[in-house]
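J.: Two chains, each in its own frame: build the complex with the hints.
Just so you know, the sequences run in chain order A and B.
Quick note: the first sequence uses the working numbering, first residue 1, plus one each step.
Quick note: the second sequence uses the working numbering, first residue 1, plus one each step.
Watch out, some of these pointers could steer you wrong.
As the list claims (entries may be wrong) - No farther apart than 25 Å at their CA atoms in a straight line, the calculated lysine-lysine pairs in the DSS-like style are these:
| hint | chain 1 | residue 1 | chain 2 | residue 2 |
| --- | --- | --- | --- | --- |
| 1 | A | Lys-24 | B | Lys-98 |
| 2 | A | Lys-82 | B | Lys-98 |
| 3 | B | Lys-116 | A | Lys-82 |
| 4 | B | Lys-202 | A | Lys-76 |
Stated by the list, open to error - Among chain A residues calculated to face chain B with C-beta under 10 Å, some are:
| hint | residue |
| --- | --- |
| 5 | Leu-21 |
| 6 | Ala-32 |
| 7 | Phe-37 |
| 8 | Leu-60 |
| 9 | Ile-80 |
Note that these hints are calculated values from the structure, not bench results.
No experiment lies behind these values; they were computed from the predicted model shown.
Every residue, glycine too, gets a C-beta built ideally from N, C-alpha and C.
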Amino acid sequence: MLPITLAVALGSFGTQGADKLTLKSVNVDLPAGDRMFPDGPGADVANDNCLACHSAGMVLNQPALPKAMWEAEVDKMRNIYKAPIDDRDVEAIIRYLISIKGAN
Amino acid sequence: MFLARSGRTALWETHWVRLKDVLDRAGVKAGAVQVRFNGLDEPVVAEAPDFMKSLDVDHARDGEVMIAYEMNGQQLALLNGFPLRLVVPGWYSTYWVKMLNDIEVLDQPDTNYWMKTAYTIPDTPHASIRPGQTGVKFVPISRMVPRSFITNIKSGDTLRAGVSTLARGIAFGGDAGVSRVEFSSDGGKSWQEAQLGTDEGKYSFRQWQIHFSLPTAGNQLLMVRCTSSSGEAQPDTPNWNSAGFMRNVIEQTAVVVA
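Looking at chain B on its own, in the form it has when it is part of the complex (with noise of 0.2 Å):
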């Protein structure tokens, strides 16, 4: 049985089995709800709940949860959850847990501490409410947003009037791929395409850059947005919960002009 397998972002090289292998190898009977994973890692004090996370069943056997062991031809750090860690591709970290070392599949919810209580979001539109809202539906936090970053230019920086300026800088779609990043040099006011990088997977980091130029002296703010393949743009104004969840409003670098 062939279960092993390798692949590659730009950012990194990985080896892994597939979770639905594994599930399929250990045989998951009807009436299966939800898996459950836990690592080898115990709350500070004994009582504590142990941190464990579950995803529902239809989405551990999509055959993309994968369990990585191996990362850029070595075992994994410890920091990066040596021997073993969950990789739920599109969703954030929380579910991608560390030091895994026993998966159980459940017959109903799991309402463990870390799925019921804690990471939980508004059940609205982009998980935004405004402060001090009641009466909110909270579920668990799940799949990622798009973002996108100007990784060579910061706020502070004094640019040249009249000069070529290149700008780039990293993008990702959260659960789906990078379909356009836009970038913006007068504060949102207008918004030029720029060019993509390699595309290396719809859960890959994809970087982006574009030369622009500053006409005037004065204050000015760079803005960059993305777009995901399946249509999400990263909005102008903040989202907002309690956690500070799913946050990705258009980022700000403002620099001066000189």
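With the rest of the complex left out, here is chain A (with noise of 0.2 Å):
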């Protein structure tokens, strides 16, 4: 629907000389995505809590970070973007994070 409403809003613009712009509706299959969080204590908490949202490799790629930066980083993932994570599971979660990719 929303295609052909924006291919008549630009040809009212006119595109003398131009071929005139039809856009098409595509589908498009996303990969996947089927990364998991290497095995550990907590493996299991992050895979339930963070892949709801985003890739395992968004954590994976980043540097090792101390244990308040983890924290924050949660707080985060739960007050700003709203993740619902019960408070039970938040301490595993940033354990978890520590063991792979903790810095002091």
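T.: Now the structure itself:
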């Protein structure tokens, strides 16, 4: 529906001397992204909570970070991006992040 | 009324309309401060902040900011922002809003999360501070800085001593054109000016190349430095902020000379 509306809108600006633009809707299969977090205590909690919104790679490609920064990241996911993470899972996630990407 | 335009850079040919013309047609009232752009994408969790970005009204009407709808003779791919994408030449791509479907003129500065909190930089020279520095004023990120890369030699490659070798790559000036690219084959002790490829316009990549030879065997660092047409050169020490924004320190390629 939307592409048709937009095609009309652009057409009304006129495209003299240029080919008329016709936008067509297409179906796109996005890659699945089935990578999981590496095994370890808390990996299942990370898989269950974090992968609902973003890939494991987004975490695994970060530099090693100290505890306070991982706490701030998890806090941002909950309070800014509204990730529905249970209070009881928060500590396990932070411990897991420190175990795979911790720094002093 | 003729609004559609087209042009090309070294990399692609695009069709667009100028944002200025769209705003003029809609009519922008006195008291307009910023123009905000929203796309069809939505946050994963409904209550999370919707991604929106804003430009000052004078910037939005500078005649350079555009709404692109076609690239290389085809409609934009989904990942490039189908059907419409904002293009903000010289500014970081956080402003290049994809799947654009809503443009709103604001009578005060935008305080939405993606302008006020996310994508902000220290309001200091080169957005640089010390790790842990407090009392820093943050402002929205804006213009890009110059960068350059060697694209035909990788770190760890072995080069032959005393043999003429071609280095080539790309450079871009950020919010200005490329005026000079210099190359060092001795870890930055001396620099030679590289030959520049075609100038496709101030916002385009520019190719560069140079022939050099390394006299003696051992380890060596190759470096390349771009200076923009506004006189800004890549620094030899990195700027620092917690997000790594605007990092454009001179890149190093470590080679083995044998």
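J.: Report the numbers of all earlier hints that the structure fails to satisfy, in ascending order.
T.: 4, 6, 7, 8
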